[in-house]
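Student: Let the sequences and hints guide you as you build the complete structure.
Chains as they are written, first to last, in our numbering: chain A, 1 to 278; chain B, 279 to 546; chain C, 547 to 823.
Treat the hints with care, since some could be wrong.
[To be verified] Facing chain C, a subset of chain B residues (Cβ under 10 Å, in silico):
#	residue
1	E355
2	P380
3	L392
4	F394
5	A399
6	A404
7	L406
8	T410
9	G413
10	S483
11	V501
12	G520
13	L531
[As the list claims (entries may be wrong)] Coverage of chain C stretches by chain A, computed from C-beta distances (three or more under 8 Å per stretch; other residues unrestricted):
#	stretch
14	706-712
15	731-745
16	802-816
[What the hints assert, rightly or not] Restraint ranges, calculated between C-beta atoms of paired labels, are given here:
#	chain 1	residue 1	chain 2	residue 2	range
17	A	E237	B	H453	56 to 62 Å
18	C	Q718	B	V292	20 to 26 Å
19	C	S715	A	R63	32 to 38 Å
20	B	H339	C	V586	51 to 57 Å
Worth flagging that the hints you see were computed from the coordinates, not collected in a lab. For every residue, glycine included, the Cβ atom is placed at its ideal position computed from N, Cα and C.
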Amino acid sequence: MSSIQFEQVTRVFERRSGSYKALEPVSLTIVDQEFVAIVGPSGCGKTTLLRMAAGLDFPTSGRVFVGNKPIQGPGPDRAVVFQQFALFPWKTVCENIAFGLRCRRVPKKQLQQLVAKFVRLMGLEDHEDSYPHQLSGGMQQRVAIARAYAVEPGVLLMDEPFGALDAQTRAEMQEELISIRRVQPRTVLFITHSVEEAAFLSDRVVVMTGRPGRIREVVDIASIRAAEEWNHRPIEEVMSLESFGRIRSHLWRLLRHTKSVEQPTLPDTGLMALRAAS
Amino acid sequence: MTSASTARPLPASVTYLGLATVGLLAFFGVWFLASISGLAPKRVLPSPSDVAVTLYQISVHPFAGYTLGQHLASSLERFLAGFALAAAAGIPTGLLMGWYAPFRYAISPFFDSLRFVAPLAWVPFAALWFGTGFGGPILVIFSGAFAPCVINSFRGARLVDEHLIEAARTLGAGHFRLMGQVLLPGAMPSIIAGLRISAGLAWQSLIGAELIVVSSGVGYLIVQGQGDVAPAVVMAGMTAIGFVGIAIDSILLMIQRGIVRRWQGAAQ
Amino acid sequence: MESMSARILDAPHRTPAWRLSSLWPSMQLTIGGGAVLVAVAIWFGSSALIDTTRFPTPHDVYSAGLQILITGYAGGTLLMHTIQSMKLALLGFLCGVGCGLPLGLVMGYSRKAEALLNPIFFFIKPIPPLAWIPLAIVWFGLGDSAKIFVIWFSAFVPILINTYTGVQSVDQTLLSAARVYGADRGILVREVIVPSALPMIFGGLRISLQASWMALVAAELVGAFYGLGRVLMIAAQDIYPGMIVIAMACVALAGMAMTKALGLLERVALPWLRPVQ
Numbered sequence: 001m002s003s004i005q006f007e008q009v010t011r012v013f014e015r016r017s018g019s020y021k022a023l024e025p026v027s028l029t030i031v032d033q034e035f036v037a038i039v040g041p042s043g044c045g046k047t048t049l050l051r052m053a054a055g056l057d058f059p060t061s062g063r064v065f066v067g068n069k070p071i072q073g074p075g076p077d078r079a080v081v082f083q084q085f086a087l088f089p090w091k092t093v094c095e096n097i098a099f100g101l102r103c104r105r106v107p108k109k110q111l112q113q114l115v116a117k118f119v120r121l122m123g124l125e126d127h128e129d130s131y132p133h134q135l136s137g138g139m140q141q142r143v144a145i146a147r148a149y150a151v152e153p154g155v156l157l158m159d160e161p162f163g164a165l166d167a168q169t170r171a172e173m174q175e176e177l178i179s180i181r182r183v184q185p186r187t188v189l190f191i192t193h194s195v196e197e198a199a200f201l202s203d204r205v206v207v208m209t210g211r212p213g214r215i216r217e218v219v220d221i222a223s224i225r226a227a228e229e230w231n232h233r234p235i236e237e238v239m240s241l242e243s244f245g246r247i248r249s250h251l252w253r254l255l256r257h258t259k260s261v262e263q264p265t266l267p268d269t270g271l272m273a274l275r276a277a278s
Numbered sequence: 279m280t281s282a283s284t285a286r287p288l289p290a291s292v293t294y295l296g297l298a299t300v301g302l303l304a305f306f307g308v309w310f311l312a313s314i315s316g317l318a319p320k321r322v323l324p325s326p327s328d329v330a331v332t333l334y335q336i337s338v339h340p341f342a343g344y345t346l347g348q349h350l351a352s353s354l355e356r357f358l359a360g361f362a363l364a365a366a367a368g369i370p371t372g373l374l375m376g377w378y379a380p381f382r383y384a385i386s387p388f389f390d391s392l393r394f395v396a397p398l399a400w401v402p403f404a405a406l407w408f409g410t411g412f413g414g415p416i417l418v419i420f421s422g423a424f425a426p427c428v429i430n431s432f433r434g435a436r437l438v439d440e441h442l443i444e445a446a447r448t449l450g451a452g453h454f455r456l457m458g459q460v461l462l463p464g465a466m467p468s469i470i471a472g473l474r475i476s477a478g479l480a481w482q483s484l485i486g487a488e489l490i491v492v493s494s495g496v497g498y499l500i501v502q503g504q505g506d507v508a509p510a511v512v513m514a515g516m517t518a519i520g521f522v523g524i525a526i527d528s529i530l531l532m533i534q535r536g537i538v539r540r541w542q543g544a545a546q
Numbered sequence: 547m548e549s550m551s552a553r554i555l556d557a558p559h560r561t562p563a564w565r566l567s568s569l570w571p572s573m574q575l576t577i578g579g580g581a582v583l584v585a586v587a588i589w590f591g592s593s594a595l596i597d598t599t600r601f602p603t604p605h606d607v608y609s610a611g612l613q614i615l616i617t618g619y620a621g622g623t624l625l626m627h628t629i630q631s632m633k634l635a636l637l638g639f640l641c642g643v644g645c646g647l648p649l650g651l652v653m654g655y656s657r658k659a660e661a662l663l664n665p666i667f668f669f670i671k672p673i674p675p676l677a678w679i680p681l682a683i684v685w686f687g688l689g690d691s692a693k694i695f696v697i698w699f700s701a702f703v704p705i706l707i708n709t710y711t712g713v714q715s716v717d718q719t720l721l722s723a724a725r726v727y728g729a730d731r732g733i734l735v736r737e738v739i740v741p742s743a744l745p746m747i748f749g750g751l752r753i754s755l756q757a758s759w760m761a762l763v764a765a766e767l768v769g770a771f772y773g774l775g776r777v778l779m780i781a782a783q784d785i786y787p788g789m790i791v792i793a794m795a796c797v798a799l800a801g802m803a804m805t806k807a808l809g810l811l812e813r814v815a816l817p818w819l820r821p822v823q
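Tutor: Encoded structure:
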């Protein structure tokens with residue numbers, strides 16, 4: 001069971017210029033194997049939330065649970081993929097992927113099998129002995145994702161992982177992420193600036209506003225996603241769907257601080273269809 | 279919390295200060311005890327108080343011909359002359375090497391081979407050419423201070439943001455205006471950094487030279503102290519040397535900060 | 547390799563002649579070689595005019611070189627002196643590094659250790675290593691121990707500073723990543739902190755090596771029985787500029803050789819480093 005639960009979490013930073021409240025009480029539950037994206041302007045606290053789930057930061061008040069257990073610190077059960085890749089420059093691709101496994105003292109044979117498996121999964125066969133600086137940004141992020149998956153975590157925490165990539169590579173990586181999820185489903189908390197990315201990838205999108213951060217609204221996409229089979233269609237097709245466009249506009253409007261005029265959070269057609277089907 | 283690592287934020291400044299004080303006190307304490315207890319004979323290891331007293335004494339009474347102040351003045355005179363010479367010769371050389379390839383091709387062989395000669399290896403020639411005169415230490419200082427000036431000016435010249443140059447040229451800047459208003463300010467931070475390194479090496483080379491080819495100056499002072507087996511004098515001299523070194527570096531640091539703030543603003 | 551700024555300056559705006567440099571790569575060798583040839587020619591040409599008590603003619607240098615290589619000078623052959631000097635310098639260097647590097651690691655890793663020891667170094671740091679020579683002679687006499695002490699000290703300070711700076715400037719994100727993936731303290735130090743600090747450590751090693759060599763030359767100038775510094779001093783006393791040049795050249799070459807060797811070691815130890823210009 002790998003759920004994430006934020007319970008009335010706040011975060012206050014003590015600076016020399018005074019204390020700075022980054023997060024107002026935030027409560028959010030992410031269910032096992034759910035993919036949740038958080039979008040919001042800079043400074044709204046979304047990275048802080050992720051770091052708290054990772055155990056790299058601790059709430060000033062409130063609690064964070066993973067799998068119903070309070071978090072004590074970082075660990076490989078909640079693997080992180082960083083925006084800057086955070087690969088060890090002095091290790092080869094294989095050594096980077098193997099890092100988490102070595103920390104857990106996984107026996108050599110099993111380690112080699114796991115590394116090979118994820119090298120294949122992320123398409124890194126030709127670069128096994130390369131150093132990170134020899135790889136492109138997209139490749140490096142693939143290594144980072146392989147490293148995260150290799151420790152077979154219950155939870156995947158992704159902090160704007162595709163933010164440093166160019167648009168084309170970004171779209172490729174998004175599609176890859178979806179196809180990996182089919183094979184290796186995990187609970188995912190995904191931070192992004194991009195509304196399209198959030199809508200394309202997630203089951204639910206959490207919209208936050210900033211300074212201090214709080215949740216504006218949670219948009220549920222799971223049913224539309226399932227009904228229109230987004231996971232099995234190429235990205236350009238999904239992005240041309242009417243339902244996608246409506247969700248995207250809705251999210252934009254939320255981010256703009258103006259209330260959405262009359263639409264409910266789900267486009268009528270999808271919801272009606274589901275209700276009719278059940 | 280998790281294991282201690284360099285990722286930790288600073289421990290309370292109070293703890294830091296406390297430990298620092300403990301460290302310092304321990305250092306001086308051990309020193310004091312070692313010399314008092316006769317662990318090492320007074321002849322060899324004077325106590326901190328002895329050094330302090332001696333420092334005062336040589337400030338008012340001449341030792342090896344002059345008071346401490348006079349020795350320091352002599353040293354500083356040489357330092358400034360050698361340093362100024364090295365900067366005046368080194369900075370333009372480095373800049374020109376950075377901007378004009380043919381100049382660089384011509385000078386490089388000489389520069390690259392001479393720069394590996396340790397400054398003190400010039401002492402024999404300094405002695406041959408200048409005896410114990412003013413020129414001897416200047417030569418040694420120059421050979422130590424010259425290279426960093428050239429290298430850092432060179433780097434500064436090469437690292438000027440090409441976009442700035444392009445922008446200036448599209449606005450119609452002529453060659454000299456380009457040099458004066460874009461290239462020079464752009465290279466300034468690197469030049470100043472080079473001056474700091476150069477000053478440090480110059481001060482070191484000066485002291486080295488003064489151990490051998492002079493008859494005044496703070497290096498001469500400590501050598502005479504050694505000759506008379508007066509370690510208190512030697513240590514007092516070393517303290518003075520250290521202080522002046524810090525003072526010089528601090529002044530340059532302030533200039534560096536001031537210039538970087540001003541010029542970087544202009545260049546951008 | 548030309549930077550863009552140089553190329554833009556060289557572009558045909560006011561000085562079309564310089565454009566040639568980008569089209570003719572061997573211009574570098576031509577001009578450089580030409581300058582050297584001109585200088586050597588002037589040196590040879592003015593042999594008759596040179597005051598040989600102050601400056602050597604090419605012939606002087608040549609004969610001095612022969613002398614020291616074959617018959618020896620100031621107590622030994624060139625090879626003997628050079629080996630002696632390098633031995634001492636490397637010994638002092640290794641001792642200094644052997645003390646400075648571990649201490650730097652400790653100081654970098656533990657803020658408490660840093661707080662404890664930093665103030666002491668604050669006082670010791672500004673004193674130029676060469677200023678320790680007289681004190682070392684008072685303490686150890688005129689033998690090799692004094693020299694090794696000064697060299698030890700010259701090597702100690704730079705490697706200490708660079709090591710603990712290197713450890714302290716480890717990328718925080720990398721540390722976070724390591725902790726996320728479950729690194730315990732041992733793995734953290736061995737596989738993250740130390741490799742990350744290695745480039746700075748090698749920088750420190752380079753500075754320490756140069757400082758050691760400089761200290762060695764200085765110490766030998768002040769008083770020694772053999773070594774390149776002694777050759778320099780005796781040559782000065784004998785008013786033998788040709789020999790001075792030979793000894794200076796040797797000092798330079800030995801320094802260069804050791805630095806290049808260190809550079810080679812660095813390239814082997816750090817294959818992952820992106821090549822810097």
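Student: Does each hint fit the structure? Answer for all of them.
Tutor: Hint by hint, here is what the structure shows:
no.: 1; hint: E355; result: violated (18 Å)
no.: 2; hint: P380; result: holds (5 Å)
no.: 3; hint: L392; result: holds (8 Å)
no.: 4; hint: F394; result: holds (4 Å)
no.: 5; hint: A399; result: holds (5 Å)
no.: 6; hint: A404; result: holds (9 Å)
no.: 7; hint: L406; result: holds (6 Å)
no.: 8; hint: T410; result: violated (13 Å)
no.: 9; hint: G413; result: violated (12 Å)
no.: 10; hint: S483; result: holds (8 Å)
no.: 11; hint: V501; result: holds (5 Å)
no.: 12; hint: G520; result: holds (4 Å)
no.: 13; hint: L531; result: violated (13 Å)
no.: 14; hint: 706-712; result: violated (count 0)
no.: 15; hint: 731-745; result: holds (count 6)
no.: 16; hint: 802-816; result: violated (count 1)
no.: 17; hint: A:E237 - B:H453: 56 to 62 Å; result: holds (58 Å)
no.: 18; hint: C:Q718 - B:V292: 20 to 26 Å; result: holds (24 Å)
no.: 19; hint: C:S715 - A:R63: 32 to 38 Å; result: holds (34 Å)
no.: 20; hint: B:H339 - C:V586: 51 to 57 Å; result: holds (54 Å)
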